[in-house]
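First to last, the sequence lines map onto chains F and P.
Start counting the first sequence at 7; every next residue gets the next number (the numbering used here).
Start counting the second sequence at 0; every next residue gets the next number (the numbering used here).
For the record, the hints were derived by calculation from the structure and aren't laboratory data.
Treat the hints with caution; some may be incorrect.
Sample of chain F residues lacking proximity to chain P, with all beta carbon distances greater than 10 Å (derived) [what the hints assert, rightly or not]: (1) Ala42; (2) Lys84; (3) Thr114; (4) Ala229; (5) Phe231; (6) Pro238; (7) Thr280; (8) His325.
Taking beta-carbon pairs under 10 Å as the criterion, some of the chain P residues facing chain F (in silico) [unchecked claim]: (9) Val94; (10) Asp117; (11) Tyr121; (12) Gly130; (13) Asn135; (14) Asp140; (15) Tyr149; (16) Pro151; (17) Gln152; (18) Ile158; (19) Cys160; (20) Glu167; (21) Tyr168.
Simulated DEER-style distance windows between Cβ atoms [to be verified]: (22) F:Asp79 / P:Ser55: 46 to 56 Å; (23) F:Gln122 / P:Tyr133: 20 to 30 Å; (24) F:Ser273 / P:Asn135: 36 to 46 Å; (25) F:Gly103 / P:Asp70: 52 to 62 Å; (26) F:Glu274 / P:Ala93: 42 to 52 Å; (27) F:Asp288 / P:Arg119: 18 to 28 Å; (28) P:Cys74 / F:Glu389: 22 to 32 Å; (29) F:Ser285 / P:Cys74: 43 to 53 Å; (30) P:Asn114 / F:Asp169: 31 to 41 Å.
Remember, it's a predicted structure, so these values are computed and weren't measured experimentally.
Quick reminder that beta carbons are idealized off the backbone N, C-alpha and C, glycines included.
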Amino acid sequence: MMKVQGKSSLSAKARHTAAAVCALALLGTAGAASAADPLQPDPELEAVTLSAPKPSWVFVERGFVVSGNSIYDTDTGKMLGMVEASTLSDLALDPAGKAYYVSESIWTKGWRGTRQDMITVYDAATLKLKTEITMPGRILIGGRKYNFVIADAGKTAYVYNLDPASSVNVVDLAKGKFVKKIELPGCASLMPVTGVGFSALCSDGSLATVKTAAAKPEITRSAPFFSATNDPIFDNFGYDGAKQQAVFLTYTGQVYTAKLGATPTISEPFSIQTAAGVSPADTKPLDVHWYPGARQGLAYHLATGHAFVLMHMGEYWTHKAPGTEIWELDVAAKKVIKRIPLEEAANSVTVTQEANAKLVLSTEGGTLLILDAKTGAEKFKLEKSGGGVLRTLEP
Amino acid sequence: MKTFNPDAMGEKLLRRFAGRTSRRSILSRLGLALVAAPAFPLLPVSRANAAKPDRSPEAKTNFARNAQSADDTKCTYWRYCAIDGSLCSCCGGAVNRCPPGAEHSPVSWVGTCINPDDGRAYLIAYRDCCGKAYCNKCDCDGTDRETQLYVPQLNNDVIWCFGTTSMEYHCSTAVLVGTA
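Looking at chain P on its own, in the form it has when it is part of the complex:
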């Protein structure tokens, strides 16, 4: 399929990481990277499918055709194409921020969602907020390009509260990483 390129997604994440990392913090981040690295298995380097993706309505998923950009407390909000769980924006947090007292997981699963306003695909990091009981409000389950456990970084059932003080799942955010 032309619309999905996990290799490019990995590259985007790494570039973002490099751009935001100072030398001073590299040692602490390196530890995290070492822990997180196995979640990103060695993907086959394939440039064969790097052609410009088809963004016509005919090529969009059902979710992308019905996505909106006005209300991030609804499951149809465009960034939620592969989210699973309670929306933090309904639980006292925001689309990209945890509710008070909850802790952002430093690692996440990812999705590639199309913004209905500009038609571009963006890489979204679904970072769980951890350390409080399940919010259980605005439960959504976007499944665009969501796969199974053997590709964990694209699976939205895993409790992604790794590297946090508590592994208790509270809600999920959808952090925009960049264009896909």
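Isolated chain F, as found in the complex:
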């Protein structure tokens, strides 16, 4: 109904303009003839194309109800386009900047019919479909960064599946072919490990490392180092592919760093609260304290090794509560160097991997906020633009 009204009011305006032009012509005003030349018709329509992705871009997974990944430039605050995606899909960026990959599940008759799981490949310039790579099933869940990860400089993809047995699909992106499925009991959240395969967090509190090359994949586990049920590590941790390092954060605020490899080493933890000069938090009820939380509560700036963590005041088991402050943590120095209070609580945070980094937040009310990471100053506030997982280009 609104659209019809809009259309008719436009035509009314056009009619007024036409009448005014006619009136001027009748009066014979000098120069009116050239001013009244009609506008030229638009040329043959062609969709806009994009440059290769830039470090200032952010990819916003729109969420559970509305699908698609919107692309924004944090330099201008403008939306540049959208990578098509079905509900509960996962996006990954080609490190060469040539393609966008969407790991997704669709059925031949909407939600009925034959299930089809695939990696859908879109051209980075035109955002048009290039090809589809068929694979076995994948997990249906929202809001996770590490269920679909790219390894080997863009040649391999790992896709997590839960049906409800857990496994990982290995996909050769260069050849466009599914390679094999690796059973991964009791573990999830994948980190590519160069020259080895991948690592994953496990329910026994260990880090599993999977050597994928052998005919029978070899899975080794570290000694358990965290409690998966009493103080779990958030699925959306920090990961640095080049340095082969992961930064893990637990519900109470314990921070671990893991040096990934065939035999990973995991540091002793420290408390993010202690790093900020306040007492550490624990698992006891009634202990109102600063806790980490939210849906995507940790962003990791690779060049500086600083983690930006969404924190909130609450009791234990409030790990999904949105953050009311961002704590900037120098992980190596074990020191919180800045706390940025937020006007509106945020569910997700990411950081651009630029020298002058920007923080991108998705708020409770669905607003996308772009802040200067150094000062915390607001650069853009984009309403109705927030959503689920936020992704930026990594070097």
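We have chain F; now place chain P onto it with these hints.
Okay, now just chain P, sitting in the frame of chain F:
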């Protein structure tokens, strides 16, 4: 923590299953169990923490202290301590029943919630109702003892519509399994 024992929860589920299963149906159920089994990874058998749990207000979570048993269309209803999604009781179903035409998922994630009336902890199976569009009413997100994806049976973000005709998520129920 004394209040949480995943091992006992697994045992409770299995006992309930055994008590309700006839020999005739065992073959069909066995297939389901085989499919569902990997969702329950081999938990370390530990009896060290089997001491009587502390149910004092000081030991209760924020949710448990504020939980009520009168209105199951509110997020504060005691069984919803670890639910996530639309309440089926607001969508034409009930706390433990799917709305018309929707299909109960045979498998679920679980929670341990304290009933405010008797102070006991109960094992709750959150069984999704599937095959219709997202109800999007009475959205709740209880997070007591809710963990991450590597412990999927305690994670409430997973779409648990396994073994159903359709994997489309509609709403969630909270089925009482027994005392925890």
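Tell me the numbers of any earlier hints that the structure contravenes, in ascending order.
Hints 6, 8, 9, 10, 11 and 29 are the ones this structure does not satisfy, whereas the remaining hints hold.
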